[in-house]
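Given only the sequences and the hints, what does the whole structure look like? Please build it.
Those protein sequences? They're chains A and B, same order as listed.
Taking the working numbering, the leading residue of the first sequence gets 1, the next gets one more, and so forth.
Taking the working numbering, the leading residue of the second sequence gets 1, the next gets one more, and so forth.
Keep in mind that the hints were calculated from the coordinates and are not lab data.
We put the beta carbon where it would ideally sit given N, CA and C, even for glycine.
Treat the hints with care, as some may be off.
Calculated from the model, a selection of chain B residues having no Cβ within reach of chain A, i.e. all distances over 10 Å [claimed, not checked]:
#1 100
#2 103
#3 139
Below 27 Å or equal to it, Euclidean Cα-Cα: the simulated DSSO-like pairs (lysine-lysine) are [as the list claims (entries may be wrong)]:
#4 A/82 to B/118
#5 A/22 to A/37
#6 A/82 to B/85
#7 A/82 to A/145
#8 A/83 to B/73
#9 A/285 to A/241
#10 B/118 to A/59
#11 A/83 to B/117
#12 A/206 to A/145
#13 A/50 to B/143
#14 A/285 to A/168
#15 B/73 to A/37
#16 A/137 to A/18
#17 A/50 to B/118
#18 B/118 to A/60
#19 A/50 to B/73
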Amino acid sequence: MRYEAPSSTKAAVTLLTKEKGKSAILAGGTDLLVRLKGGFVEPDLIVDIKRIPAMREIKKTASGFQVGAAVSGNELGASVVKKAWPGVVEAANLIGSKQVQGRCTMVGNLCNASPAADSVPALVAAGAHAVIVGPKKKRTVPVEKIATGPGRTSLAKGEIVESLLLPKRPARAGDAYLRFIPRSEMDIAVVSAGVSLVLDAKGVVKEARVALGAVAPTVLLVAPAAKAIIGSKLDDAALDKLAAACSAACSPIDDKRGTIEFRTKVAGVLAKRAAKIAYQRAGGK
Amino acid sequence: MAGVHVSTTVNGDPAEFVCDPDEPLLDVLRNRLGLTGAKEGCGTGDCGACSVTVDGELVCSCLVLGAEVEGRKIETIEGMADGDKLHPLQRKFIEHAALQCGICTPGFLIAARALLKKNANPTEEEIRFGLAGNLCRCTGYDKIVRAVQDAAREMRGA
Ligand SMILES: Cc1cc2nc3c(=O)[nH]c(=O)nc-3n(C[C@H](O)[C@H](O)[C@H](O)COP(=O)(O)OP(=O)(O)OC[C@H]3O[C@@H](n4cnc5c(N)ncnc54)[C@H](O)[C@@H]3O)c2cc1C
Ligand code: FES
Ligand code: FES
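Laid out in structure tokens, this is it:
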């Protein structure tokens with residue numbers, strides 16, 4: 001086994017591409033090192049991306065924010081992103097303890113491809129994109145295209161997510177993320193929901209994106225749920241339609257953490273509550 | 001496995017070691033540097049007994065590789081007291097009997113110090129959330145929270 005900490009994305013891609021054996025990308029390590037310790041992965045090469053300056057930055061650009069892949073939860077929480085995307089930042093800051101926050105990244109959360117990953121529904125609702133650098137060329141894809149199933153991603157050999165792009169916020173926009181856990185801290189989401197809204201001057205929902213976590217093999221973008229509230233002021237009838245659309249989209253598993261019935265029902269409830277918070281944050285009354 | 005040579009700073013002193021590429025910082029501290037204050041409770045980031053700071057950031061040393069800390073500054077429990085003079089948190093933990101077996105204590109102290117550095121006057125709820133990454137099987141947490149509150153008061157000069 002080798003450990004490398006290259007100082008550019010290009011060098012990292014070259015290392016990964018040239019490696020004949022198995023390789024692993026190390027961001028915060030809060031998933032990878034647990035799996036390494038457990039013997040579930042045995043890479044021949046570990047490529048640490050935390051010494052790549054471009055991956056450590058948060059940049060405000062003309063089209064929004066660019067968050068480097070190695071930015072930790074703590075760094076994100078203290079950044080300018082919080083004001084524009086409070087739901088995304090809160091979701092990322094729910095991950096683990098203070099110790100985990102010092103290390104964990106949203107990109108690691110995304111590429112670990114757990115259906116219960118906390119930051120992912122918020123990122124999907126936000127319409128975030130991942131900038132992927134590989135041996136061939138750079139490509140930018142919607143975050144919902146990264147995970148293809150539990151623990152599996154659409155990234156090819158040698159490809160690294162370099163950053164996440166969050167769009168610029170117009171006036172009267174808000175987002176929120178909620179998860180259900182039986183404890184108050186340090187637990188894996190049983191069900192979760194992220195909602196992002198843009199309102200018109202009268203407080204009518206003009207744009208909406210709704211995403212659910214832990215109710216299917218990957219995080220779901222639920223278009224019918226968004227449709228159910230577009231054109232409304234989030235009156236009870238619209239909220240009920242939103243909840244029904246969310247429940248209809250669920251195909252969860254039954255396990256000790258929650259039954260199919262419970263997850264299906266709570267998905268709707270959480271989506272409603274998250275939508276109300278997002279509406280308030282957007283200035284709706 | 002080829003060893004990785006690492007130069008770093010531990011509690012203000014330069015330290016050098018050679019470790020395996022997949023060796024946790026916790027094992028380096030305990031087995032190579034002789035600093036056994038940080039404990040291994042779980043090895044998977046859940047218990048916080050291995051808490052240290054790296055460049056001022058609170059982390060679980062079981063979830064950091066030794067190879068990662070080249071050029072970084074590490075602070076462990078061994079550097080918390082000033083010679084014979086205990087840190088206020090250490091003193092208050094003793095005064096409030098905030099420990100029984102003591103396995104969790106180094107981690108709690110490092111985490112509490114990091115918490116108070118960011119927030120000199122935390123509420124009880126903030127302390128409980130702030131220390132949620134540290135588990136204690138003995139005390140039931142109340143005495144730990146009281147000790148942190150009392151130390152915070154003293155450190156604020158209130
Ligand atoms: C105690 C504890 C509590 C936790 N609590 C939560 C929780 O509440 N909610 C939650 O969602 N998760 C939780 N987790 C899981 C984990 O912390 C998160 O998934 C975290 O966001 C992972 O980020 P990381 O940077 O540490 O990832 P890493 O472990 O570094 O990487 C994760 C995976 O992504 C790949 N990867 C990393 N960066 C890139 C990149 N730039 N390009 C391509 N692939 C990449 C890695 O190769 C690896 O397969 C917890 C973990 C622990 C140990
Ligand atoms: S030993 Fe590191 S968190 Fe338990
Ligand atoms: S004092 Fe024994 S685990 Fe905390």
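Pair hint outcome, residue 50 of chain A versus residue 118 of chain B [Cα-Cα no greater than 27 Å]: The given pair, whose Cα atoms are some 23 Å apart, holds under the 27 Å limit.
Next pair to validate is residue 285 of chain A with residue 241 of chain A; report whether the Cα-Cα distance is within 27 Å. holds, 20 Å
Residue 82 of chain A paired with residue 85 of chain B [C-alpha distance capped at 27 Å]: violated, 41 Å
Satisfaction of hint between residue 18 of chain A and residue 137 of chain A, Cα-Cα up to 27 Å: Measuring from Cα to Cα gives roughly 16 Å; hence the hint holds.
Does the alpha-carbon distance linking residue 83 of chain A and residue 117 of chain B stay inside the 27 Å limit? holds, 24 Å
Is residue 73 of chain B close enough to residue 37 of chain A, meaning Cα to Cα at most 27 Å? Satisfied, since the Cα-Cα distance of roughly 24 Å is no more than 27 Å.
Quickly compare the C-alpha distance for residue 82 of chain A and residue 145 of chain A to 27 Å and report which way the hint goes. holds, 24 Å
Residue 83 of chain A and residue 73 of chain B were given as a pair; does the straight-line alpha-carbon distance stay at or below 27 Å? Violated: residue 83 of chain A and residue 73 of chain B sit about 31 Å apart, past 27 Å.
Against the 27 Å threshold, does the CA-CA distance of residue 285 of chain A and residue 168 of chain A hold or violate the hint? holds, 23 Å
Confirm or reject: residue 139 of chain B is not an interface residue toward chain A, with every Cβ-Cβ distance exceeding 10 Å. At about 18 Å from chain A, residue 139 of chain B clears the 10 Å cut-off, so the statement holds.
Hey, does residue 103 of chain B actually stay past 10 Å from chain A on C-beta? Non-interface label on residue 103 of chain B holds, nearest chain A Cβ at 16 Å vs cutoff 10 Å.
Given the proposed pairing of residue 22 of chain A with residue 37 of chain A, does the C-alpha separation stay at or below 27 Å? With Cα atoms ~16 Å apart, residue 22 of chain A and residue 37 of chain A stay inside 27 Å; holds.
Going down the numbered hints, you'll see the structure goes against 6, 8, 13, while the others check out.
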